[in-house]
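Colleague: Sequence:
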Amino acid sequence: MTTVTSPLAGRAVGLANVPDPVFAGAMVGPGTAVDPVREPTAAVAPVDGLVVSMHPHAFVVMDADGHGVLVHLGIDTVQLNGEGFELLVSKGDQVKRGQPVIKWDPAAVEAAGKSPISPIVALEASAEQLGEVVESGEVAIGGELFTWN
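In terms of UniProt numbering, the sequence shown has 72 at position 72, counting the first letter as 1, and numbering is strictly consecutive.
There could be a bad hint or two in this list.
Claimed, not checked - In the SDA-like style, the derived pairs of lysine to any residue whose C-alpha atoms are separated by at most 20 Å in a straight line are:
no., residue 1, residue 2
1, Lys103, Gly142
2, Lys114, His67
3, Lys114, Gln79
4, Lys114, Ala24
5, Lys103, Val37
6, Lys91, Gly68
7, Lys114, Glu86
8, Lys114, Gly142
9, Lys96, Val22
10, Lys103, Gln79
11, Lys96, Met1
12, Lys114, Val22
13, Lys114, Val52
14, Lys91, Lys114
15, Lys91, Asp63
16, Lys114, Pro56
17, Lys103, Glu124
18, Lys96, His67
19, Lys114, Met1
20, Lys96, Ala16
21, Lys91, Val37
22, Lys103, Asn149
Hints were generated in silico from the structure; no laboratory data involved.
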């Protein structure tokens, strides 16, 4: 079983409340979302594993069981062309849970007209494969968001 922890501090809001129909409809996969604290921060790895995809606004870490977890920093943030995002690791790197992956400023994303709400998604999974998913309340960096069987 894989435990997926929060890459960000903030408030869990659940995928249904993400202002993007693709994420809200769980078309990318099941999971949850975090409305981050509005201060410069680093998004951290939600699991131990291999960075299999790396973009300024999003990354995927695949754990030893082959579970890929997508962390998408904000909505429509690809349109910022990397502005305000600093990559701390590279595709192909091994990371440990809690290791900083991307530095960013959710307040700057919001000031640029984008939502800083950040989906954390279990790729190629069904909702039935996830244990209890945190969809409300405050979350700390490293706090459990869901388990994946």
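Colleague: All hints, please: hold or fail.
Modeller: Outcome of the hint check:
no.	hint	verdict
1	Lys103 x Gly142	holds, 16 Å
2	Lys114 x His67	violated, 29 Å
3	Lys114 x Gln79	holds, 9 Å
4	Lys114 x Ala24	holds, 16 Å
5	Lys103 x Val37	holds, 13 Å
6	Lys91 x Gly68	holds, 13 Å
7	Lys114 x Glu86	holds, 18 Å
8	Lys114 x Gly142	violated, 25 Å
9	Lys96 x Val22	violated, 29 Å
10	Lys103 x Gln79	holds, 17 Å
11	Lys96 x Met1	holds, 17 Å
12	Lys114 x Val22	holds, 16 Å
13	Lys114 x Val52	violated, 25 Å
14	Lys91 x Lys114	violated, 25 Å
15	Lys91 x Asp63	holds, 14 Å
16	Lys114 x Pro56	holds, 15 Å
17	Lys103 x Glu124	violated, 27 Å
18	Lys96 x His67	holds, 15 Å
19	Lys114 x Met1	violated, 34 Å
20	Lys96 x Ala16	violated, 29 Å
21	Lys91 x Val37	violated, 26 Å
22	Lys103 x Asn149	violated, 30 Å
Against the hints set out earlier in the document, violations occur for numbers 2, 8, 9, 13, 14, 17, 19, 20, 21, 22.
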